[in-house]
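Peer 1: Single-letter residue listing:
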Amino acid sequence: MSVPSIISVIDDDPSVRLATNNLLTSRGYTVYTFGSAHEFLQSAELDTTSCVIADVQMLAMSGVELLMHMRSLGRITPFIFMTAFPDDAVRDRALKAGASCFLAKPFSTPALLQCLEAALSESKM
Amino acid sequence: MMPGQIAKFGNSAAQFLLGGLAALRSFGNGEKDEPAAADDSRQDAVDLRDAVRQWREVFEHNPVMYFMVDPAGTVLNVNTFGAAQLGYTPAELIGQSVLNVFFEEDHDYVRRCVARSLETLHQSHTWEIRKFRKDGSVLWVRENAKAMLRGDGTPIVLVACENITQRKEAEDALRQSEAYLAQAQELSRTGSFGLNVATGAIVWSRETFRIFQCDVAVKPTLEFVFQRIHPEDRDAVRRTLDRASRRAEDFDHEYRLLMPDGSVKYLHSVARALKHGSGRIELVGAVTDVTVAKESEQRLRRSEAYLAEAQRLSHTSSWAWDVRRQEFAYRSAELYRLFGFEPNHIDVPARAFQERILPEDFQRIIEVERQALRRRDPFEIDFRIARPDGSIRRVHTEGHPVVGSDGEVMEIIGTHVDVTDQVAAKEALQRAFDELKASEQRFRDYAETASDWFWETGPDHRITKISEHADPAGAAPTALIGLTRWDIPPDAELEPGKWEQHRATLDAHLPFRDLVYRGRDRNGSPIYVRTSGKPLHDADGHFLGYRGVSSDVTAAIRAEHAEEALRKAQAELAHVTRVTTLGELTASIAHEITQPLAAVISNADACMTWLDREPADLKAARRSAEWIVEDANRASEVIRRIRALAKKTEIEVVSLDINQVVREAVALVRRELATHRVSVRMELASNLPKICGDRIQLQQVLINLVMNGIEAMQANVDRPREMAIRSSRTDDDDGDRLLLTVTDRGVGLGKDVKERIFTPFFTTKSDGLGMGLSICRSIIEAHAGRLSAFQNEGSGATFQIALPLQHRDTS
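Protein chains in written order, with the working numbering: chain A, 1 to 125; chain B, 1 to 811.
Treat the hints as calculated values from the structure; they're not laboratory data.
Glycine included, every Cβ here is placed at the ideal spot set by N, Cα and C.
Careful, some of the hints might be misleading.
To be verified - To give a feel for the contact side, a few chain B residues facing chain A, derived at Cβ under 8 Å:
{"no.": "1", "residue": "591"}
{"no.": "2", "residue": "601"}
{"no.": "3", "residue": "606"}
{"no.": "4", "residue": "610"}
{"no.": "5", "residue": "624"}
{"no.": "6", "residue": "625"}
{"no.": "7", "residue": "626"}
{"no.": "8", "residue": "627"}
{"no.": "9", "residue": "633"}
{"no.": "10", "residue": "634"}
{"no.": "11", "residue": "638"}
{"no.": "12", "residue": "640"}
Construct all of the structure, not just a fragment, from the sequences and the given hints.
Peer 2: See the structure below:
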């Protein structure tokens with residue numbers, strides 16, 4: 001990896017945010033964490049992020065709404081969703097909006113990494 | 001002049017004629033009897049005959065009635081006019097008795113008059129008398145009579161009469177109208193008077209004499225009048241008369257007379273000042289005795305005063321309400337006082353009265369009035385008045401509609417009775433009654449205590465003595481002498497431990513207190529007995545047995561059991577709803593565990609990755625491991641709390657930090673809030689004192705309220721889904737309390753809903769049991785607190801938990 005990919009993790013649960021950050025950092029990714037969609041949208045990482053890993057259920061703006069908002073702005077940053085409420089309707093909506101992956105918490109690390117790699121290679125194409 | 005009054009006759013035309021007439025009559029008669037003697041005398045005779053003829057004409061047609069009567073009363077001659085006046089021809093009267101034209105009752109009088117004339121020859125007499133005509137009608141005449149001697153020496157009475165009927169009738173009419181006037185004056189107690197200002201001469205009518213009690217024969221004077229006038233009124237009357245006299249002014253005044261017998265008369269006098277051409281001023285007027293009217297007026301005034309006094313004493317006011325004008329037609333002085341107005345402020349409008357009635361009561365009055373107008377029925381209503389001094393008066397009103405000629409109610413008349421004191425008395429009575437009941441209860445307690453019985457047991461613990469009980473139906477088991485205590489109760493087998501311990505105490509000869517056991521009274525009914533006893537020893541220290549007291553505590557034990565059962569049932573119910581709530585929360589709870597679990601997995605994986613690095617990043621690995629422990633702890637804490645909620649436990653009252661209770665409860669529903677997009681604002685006051693309560697039950701209430709709030713905001717589209725949880729402390733009339741409120745911005749509470757929201761099985765949800773809020777309320781009430789619901793100013797509802805704070809001296 002010549003240029004380390006920047007991963008933005010958006011989750012309103014601090015411990016999950018911290019753990020995901022820890023996991024991805026240990027694997028060599030550059031990770032930024034955000035407590036809400038708005039926090040992310042206002043950050044400098046909006047332009048540099050290679051992949052977004054976001055929780056679906058968040059106050060104010062949900063993960064899927066963030067994705068749809070990004071797409072409406074013409075941003076094609078790949079999205080990976082994690083949720084503690086794996087609901088088929090939400091999954092369909094997320095995938096339809098253009099999500100790369102939809103993971104149910106607790107997820108296995110290989111599954112996340114696999115999704116992430118796929119998403120990153122997709123974005124590089 | 002009265003009829004029959006004879007007066008001396010003076011010179012007059014009538015007398016002359018009468019004399020002439022007598023001569024003519026005798027001449028004429030002689031002519032027929034004696035022939036003429038000579039020519040001279042013949043000529044003389046011719047002249048004389050002419051003169052006689054002329055005189056005769058005069059005699060016959062002079063409008064005076066002439067009669068010539070002999071001493072026997074026989075008419076010797078009458079002129080034509082005289083006869084015609086009586087409706088006769090002279091021939092019909094001549095030769096008849098003159099009495100024929102007089103009334104029978106006047107005959108004697110006529111005879112006397114004739115006789116008198118005969119006795120006094122040549123003297124004239126006059127009198128007035130009635131005659132009646134041939135047709136029976138009456139004729140009043142004034143008669144002039146004179147007796148004289150004829151040529152032959154026989155006496156004759158000559159009478160000349162003039163008709164005075166008209167004058168007589170006018171006199172009668174005057175007399176009659178005077179009589180009428182006198183009578184009218186007497187009846188109306190009004191006398192008339194005239195006062196010549198210049199001379200002071202006074203003319204009074206008969207009634208005025210009567211009023212002033214003055215002899216009619218005495219001429220009234222101003223001095224006399226002022227003597228009669230009440231001393232207190234003399235100056236006023238004098239001033240009035242002076243002014244009227246000086247300025248020729250009419251007057252109208254009232255004054256009193258002080259009569260010789262000490263009685264007082266009230267007079268009303270009206271007079272007109274007449275100014276005569278000569279400048280003479282006369283006051284002419286009427287004076288009316290108004291004593292009767294005055295007295296009745298005073299009586300009326302007095303009776304009004306009595307009524308006012310009676311109203312004041314009985315706190316009763318009366319009024320009449322003009323329905324059309326919506327204004328009082330009448331109101332008694334007491335009504336002003338009742339409403340806190342001065343009685344002389346007569347221009348206070350009805351509205352001012354109405355404004356002093358408590359608004360909610362006034363609405364009722366309007367409704368009752370409307371009904372009374374429609375039904376025309378009497379009504380009664382109670383209401384309250386707030387006086388400006390802040391006092392509240394309670395009023396009982398009775399009203400009667402008065403129907404007018406058009407069939408509509410035009411007035412309502414009624415009374416207000418101030419019953420404030422009665423109500424207070426009634427309340428005092430009720431209090432006294434309550435106290436009596438309480439003292440009865442106390443007495444019963446004493447009696448029950450008095451129904452304790454004493455016992456003694458011997459060294460072998462068998463009963464040797466039992467006191468005779470006052471109440472034969474009571475509990476003392478007198479037939480138990482010779483038995484041991486454990487022979488009696490039926491629960492010896494049920495609670496062997498209790499009896500083993502008791503027997504050990506007895507064997508050690510130790511005192512015991514408040515042993516409760518089940519027994520039976522003398523009727524065989526099961527009872528609870530509480531007993532205490534202490535050992536007895538003789539002077540040498542030998543154990544003799546026990547002496548003690550027992551009482552029937554069945555009622556107290558049963559009450560305790562009932563309370564216990566109630567507490568159990570409540571806890572049971574609380575538990576059931578708690579578990580139901582947990583069921584509803586399953587998804588949220590799963591999430592609460594999933595999150596830390598996901599973190600644990602990620603951190604564990606990272607930990608291994610850090611260790612696998614060359615060289616291993618031990619620091620990062622250790623940090624990862626620490627996070628794993630934290631996340632695992634978090635997960636287990638969630639599980640612990642959920643288990644606590646799900647556990648069926650007895651109420652455990654401990655000292656609690658209410659803010660901590662709130663935070664833990666909200667943590668459990670955090671996800672539920674997030675899922676439904678509800679944000680929660682926590683405004684928890686710091687430094688709140690601890691409260692006493694059951695943590696689990698209080699959290700159950702909070703969770704229930706939060707869940708309700710979430711549900712209430714489900715339909716919010718244009719309103720944010722916000723919830724606020726606040727804690728604070730308040731110290732008001734209800735005491736020092738801790739307040740906990742949960743405010744949502746949801747659909748809010750309808751009036752109807754607000755009333756019933758806390759009743760069991762009431763629910764607005766399609767899938768709810770409707771037990772939640774009723775359980776919440778019973779939980780809070782078990783904490784001696786209050787749970788209430790309010791509709792917010794804007795949208796949504798606020799539920800408030802008020803919990804009493806421990807008193808400083810007991811905490």
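Peer 1: Run every hint past the structure and note whether it holds.
Peer 2: So, going through the hints one by one against the coordinates:
Interface hint status for residue 591 of chain B: upheld, as the beta-carbon distance to the closest one in chain A is roughly 4 Å, under 8 Å. The beta carbon of residue 601 of chain B is positioned within 8 Å of a beta carbon in chain A (closest approach about 5 Å), and the interface hint is therefore held. Annotation: interface hint on residue 606 of chain B holds; nearest CB of chain A at approximately 4 Å, less than 8 Å. Checking residue 610 of chain B against chain A: minimum C-beta separation of about 5 Å stays under 8 Å; hint holds.
Hint status for residue 624 of chain B: holds, given a least beta-carbon distance of 6 Å to chain A, under 8 Å. Taking 8 Å as the C-beta contact cut-off toward chain A, the hint placing residue 625 of chain B at the interface is violated, the least distance being around 11 Å. With a least beta-carbon distance of about 11 Å to chain A, the hint placing residue 626 of chain B at the interface is violated under the 8 Å criterion. For residue 627 of chain B, the shortest C-beta to C-beta distance to chain A is roughly 6 Å, which falls under 8 Å, so the interface hint holds.
Of the supplied interface hints, the one on residue 633 of chain B is violated, with its beta-carbon coming no nearer than about 11 Å to a beta-carbon of chain A, more than 8 Å. Given hint, residue 634 of chain B at the interface with chain A, holds; its Cβ is 7 Å from that chain's nearest Cβ, closer than 8 Å. Hint status for residue 638 of chain B relative to chain A: violated, with the closest Cβ pair at about 12 Å, above 8 Å. The criterion of a C-beta within 8 Å of any C-beta in chain A is not met by residue 640 of chain B, whose closest approach is roughly 17 Å, and the hint is violated.
Hint compliance for this structure: hints 6, 7, 9, 11, 12 are broken, all remaining hints hold.
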